[in-house]
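Start from the sequences, fold in the hints, and give me the full structure.
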Amino acid sequence: MKRAVLISGLVLMTSLLFHACSGPSKEKVAVVSTDTLQAEEEVISEEELKIKETELREFLISTEGTYGWETKTDKISLDFFEDGRLHIQGPDGEATMWEGSWKLKGDRLSMVRPDLKSTETESVSRDGDKLMIGAVEYTRYKAE
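Everything in the sequence shown is counted per the working numbering, starting at 1404 for the first residue and increasing by one.
Quick caveat, the hints were computed from the structure, so don't treat them as lab data.
Among the hints, a few may not be true.
[As the list claims (entries may be wrong)] When the alpha-carbon atoms are kept at most 27 Å apart in a straight line, the in silico DSS-like pairs for lysine-lysine are as follows:
{"hint": "1", "residue 1": "K1506", "residue 2": "K1453"}
{"hint": "2", "residue 1": "K1453", "residue 2": "K1478"}
{"hint": "3", "residue 1": "K1453", "residue 2": "K1508"}
{"hint": "4", "residue 1": "K1520", "residue 2": "K1475"}
{"hint": "5", "residue 1": "K1506", "residue 2": "K1533"}
{"hint": "6", "residue 1": "K1545", "residue 2": "K1478"}
{"hint": "7", "residue 1": "K1533", "residue 2": "K1475"}
{"hint": "8", "residue 1": "K1475", "residue 2": "K1453"}
{"hint": "9", "residue 1": "K1453", "residue 2": "K1520"}
[What the hints assert, rightly or not] Using C-beta positions, here's what the derived DEER-type ranges look like:
{"hint": "10", "residue 1": "S1448", "residue 2": "G1468", "range": "30 to 38 Å"}
{"hint": "11", "residue 1": "E1450", "residue 2": "K1506", "range": "29 to 37 Å"}
{"hint": "12", "residue 1": "G1496", "residue 2": "E1450", "range": "16 to 24 Å"}
{"hint": "13", "residue 1": "S1521", "residue 2": "P1494", "range": "16 to 24 Å"}
{"hint": "14", "residue 1": "R1529", "residue 2": "K1475", "range": "30 to 38 Å"}
{"hint": "15", "residue 1": "K1508", "residue 2": "A1546", "range": "27 to 35 Å"}
Every residue gets a Cβ at the ideal spot worked out from N, C-alpha and C, and that includes glycine.
Next up, the structure:
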């Protein structure tokens, strides 16, 4: 009886030592690696987000010879200024004009729209020379 208890104790201790010395399981290693990669991606994403925000901010503001953005879906044009003002021109030209404001955080554009009596927040992106605000495509307005 003593011998059986001694042998089973040795087998148990050997298996525990073998398991302890073999290191962490592959699943744990994969989780650690994934967590490390995610942390690095978040840092890169923040840097890229700041660069993208700066580029979008510069792109929103009118360049020489242009007067804001227009779209084919409605006759309202939007003109973004560096100081946060937003000129909104109505369908009948300068006869109807409102002044709102805008802010950009990352790729989210918030516009105070007095013409709509609301504040809109949409995703914004650049597609070549076109501006996408939500699903609406805008092109630069150039006087002819």
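Hints, verified against the model:
1. K1506 <-> K1453: 14 Å, holds
2. K1453 <-> K1478: Violated, at about 32 Å.
3. K1453 <-> K1508: 9 Å, holds
4. K1520 <-> K1475: 22 Å, holds
5. K1506 <-> K1533: Given pair K1506, K1533 holds - Cα atoms ~19 Å apart, limit 27 Å.
6. K1545 <-> K1478: With Cα atoms ~15 Å apart, K1545 and K1478 stay inside 27 Å; holds.
7. K1533 <-> K1475: Satisfied, since the Cα-Cα distance of roughly 12 Å is no more than 27 Å.
8. K1475 <-> K1453: 30 Å, violated
9. K1453 <-> K1520: At roughly 30 Å apart (the allowed maximum being 27 Å), K1520 and K1453 break the hint.
10. S1448 <-> G1468: 30 to 38 Å: At roughly 35 Å between Cβ atoms, G1468 and S1448 fall inside 30 to 38 Å, so the hint holds.
11. E1450 <-> K1506: 29 to 37 Å: 21 Å, violated
12. G1496 <-> E1450: 16 to 24 Å: 42 Å, violated
13. S1521 <-> P1494: 16 to 24 Å: At 18 Å between Cβs, range holds.
14. R1529 <-> K1475: 30 to 38 Å: 18 Å, violated
15. K1508 <-> A1546: 27 to 35 Å: Taking Cβ atoms as reference, K1508 and A1546 lie about 31 Å apart, which means the hint holds.
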